[in-house]
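Visitor: Take a look at the letters that make up each chain.
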Amino acid sequence: MVEMPQQFNLVINSSPRAIRADPDTPLLTILRDTLGLTGSKYGCGEGQCGACTVLLDGIARRSCITPVSAAAGKPVITIEGLEQSGRLHPVQQAFLDAEAFQCAYCTSGMIMSSVALLQQTPNPTPAEIEQSLQGNICRCGTHPRIIEAVQKAAEASRVHRS
Amino acid sequence: MNSPANKFAIEPVVAPERYEFNSPSLHQFALARRDFFKLLGAGIAVFAVTKDALATQETAPGPRIQPPQLPKEIASWLHIGDDGTVTAFTGKVEVGQNARTSLTQSVADELRVPFSTVRMVMGDTELTPFDMGTFGSRTTPTMVPQLRRVAEAARNLLVEVAAKQWNVAPAALKAAAAKISDPSSGKSATYAELARGKTLAQLLPDADPLTLPSEWTIAGQPLPKVEARDFVTGKHQYTTDLRPDNLLYGKILRPPSFGATLASCDVKAASALPNVVIVVDGNFVGAAAPSEHLAEKALAAIRPQWIESPQIISDREIFSYLKHNASTTDSDRRNEKQQKGSVSGGLASATHTLESVYTVAYIAHAPLEPRAAVAEWENGKMTVWTGTQRPFAVRAEVANALHIPENAVRVIVPDTGSAYGGKHTGDAAVEAARLAKSANHPIKLVWTREEEFTWAYFRPAGLIEVKSGLDSNSKLTAWDYHNFHSGTSGIETPYDVPNQLVQYHSVPLVLRCGSYRGLAATANHFARETHMDELAHAVNLDPLEFRLRNLSDKRLRAVLEAAAQRFGWPPKKSKERQGFGIAAGNEKGSYVATCAEVVADPKSNKLQVVRLVTAFECGAIVNPNGLRNQVIGANIQGLGGALFESIQFENGCIKNPHFANYRVPRFRDLPAIEAVLLDRKDIRSAGAGETPIMAVAPAVGNALFDATGVRRRAMPLASGA
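Protein chains in written order, with this note's numbering: chain Z, 1 to 162; chain B, 1 to 721.
So that you can see chain Z by itself, here it is in the shape it has in the complex (with noise of 0.2 Å):
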């Protein structure tokens, strides 16, 4: 039961961090405890629930289950680092616009895994955005709306590319 504190060289958001800790740290409680960017969320701390999904290395992962060790070096996107000079990503500007929360703790994780869907899939069908976001819980039942948004946001990009 020795700790080991290590430094880490993350990529947070595009600005370097680095930080020392236990390698099996879950990525979600450097996010949160040290860096302070508490829009990632714990729900249940098992992967389970997606309310902490970031995007490591461009791909959703639950950082409550990523170990620090796992980031260092990679880029991570957070739900802070989505807005752009005071723009909203299309996905947060979709999310908005249809009002697809209600208590909102899951609208982090759910926006995260959608912009991770729309990266590798732009026009996903519903069946795929449903596919992509099994893993992110909404216990209000907004579920509807969300999809909604993932489309809105979808078609939003089309008409920004052309």
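It should be emphasised that the hints constitute simulated quantities derived from the structure, not laboratory data. Do not take every clue at face value.
As a list, the in silico EDC-like pairs of lysine to aspartate or glutamate whose alpha-carbon atoms are at most 20 Å apart [what the hints assert, rightly or not]:
#1 B:K235 to Z:E83
#2 B:K475 to B:E545
#3 B:K655 to Z:E46
Chain B: place on chain Z using the hints.
Guide: What follows is chain B alone, placed relative to chain Z:
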């Protein structure tokens, strides 16, 4: 209950299934004390006094007074600052049901100011008036009128100020867009100008608001959620996100099983860890450390000796336990019953009789933000931030547990990551406060998901027995209904039955139980509406036609007909194993009907809910956008309890305390789902957070029977079908 005419106690008289209201605190500690104070800025303030309080109040309604310390009788208050900012105060809290938005709308509407200029201060025991709690769908029917009343009085005060300044009759003046104007002279003044330099206050009695729903301009509109942007950027700070300086993280040592007590514990090794504080107080053992991980390590280093007490009831024998352990004392207030006519006579005269038994499993709320608290002990004062539906009750709980006066405790509720009736107690608040008192540091304590599924309270399991009779016209002649343990909400039948006995039987608790969205109305509607479906099939009548034949309540008929129309009832089967079901009911002043389509395979045990249509009516709609979210959300949440949610337990342990084995609705469980909202501007608004959940399970169960011919009388429907 003494008289047969007596109705079951409905909210706000507390329903018996709100067990957590009377349960003792999880923890109790040794002593201390301190005081507090408060401030009020200049401007115009109006306080609403509750009706009951007025009778015992010395001050007659109306007179201007200097603002007193807020007494308990004040239900809400509002302040217009000399810069024109409007701040309204209520002890209600925001837990995702969108009360912050609907209350803001109502204040803006009545005060005649833009929606965006009203700030709502909610759930802070030092700033907001006393409130019993945010439960029972009471915010809309009670707090909306109170806030409207103070807004109206404030508006009238401003009119009076302007009338005096301009030397005109108040009746000639108009209030609109945060201005008072005099149409004849063309003069106008903003609320800010009129409030400047004033310290006017008015105390007024509770009464109905003047602006009728048909004249609402801001209320009634589908306005977006207040501060919505902060939720899509991650900026909003829930309790779990607060990080005061010098914070330590708390963890509590939990017993190995329910009922276990601590015989002894060796904390030497744990206490020796650097920067760790260990607190042992009776059965309570907690650790505080600079990180959650270190706090966990400290707990792991403690050597506790537990004395376990045998817990013989498991999820396998719970229903026979409930049946055979009902309280038999008639004097027990909780064994409420309602009688009309003669059930035995009604059954004797029936041409068809039916007898069936229904069961409902324990389920968990599983709010995505777990129970959590941040506590700070400073100069003899305990401040606790926590996600609770009852901040004032939590204040009392913390004060009691720590033996300090209530005025030495302040509870603040940040807008919270959902609750569903599950956050009525202050467990995490008490735990964090106890650690903070010894640690000399602020403490953050967040329950793990496993703690949530184990140490929170559950919706009670229930067993319901129904006997009924029909005459040759398929009209109900008798209704004999017994609910064991699950509760009285929604227990009364809305159908016309001349002979009935409806009784609730209390049973000693097996698991810790309490309120859950809709309380027992879900269990009672599952039993009643399933039974109604069985009767309809027994006499070969369409289930909708059978219900309407026995129903004179116009509002309930209206939602049934609205749901049926949108759904296309009576539906025609277009494929194998397809089935359709309908169910309806009313509770807490609102009305719901749900139609369901399922595809079910009795061999593979697969059940897919394909479509839900829910019609809902709660009087005048305050915010159709928020209401739609609540109705559809309640339907989806209701699917969980209908299909697969069930707490499994044995030997005093929860066997499925994780999302991996306690299944909640996810995206692939979603049916096509529609909400039909009936807006009755002629009827006073009722709450809407709970009732839309009630008809889902029976509608789905009835559809399952239609698809398979197999009748399921247990919730959840999908387990072991």
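Visitor: Against this structure, judge whether each hint is valid.
Guide: Comparing the hints with the structure gives:
Restraint check for K235 (chain B) and E83 (chain Z): the C-alpha separation of about 11 Å stays at or below 20 Å, so the hint holds. At roughly 11 Å between alpha-carbon atoms, K475 (chain B) and E545 (chain B) fall within 20 Å of each other, so this suggested pair holds. For the suggested pair K655 (chain B) and E46 (chain Z), the alpha carbons sit about 16 Å apart, so the restraint of at most 20 Å is met.
In the structure shown, no violation is registered for any of the earlier numbered hints.
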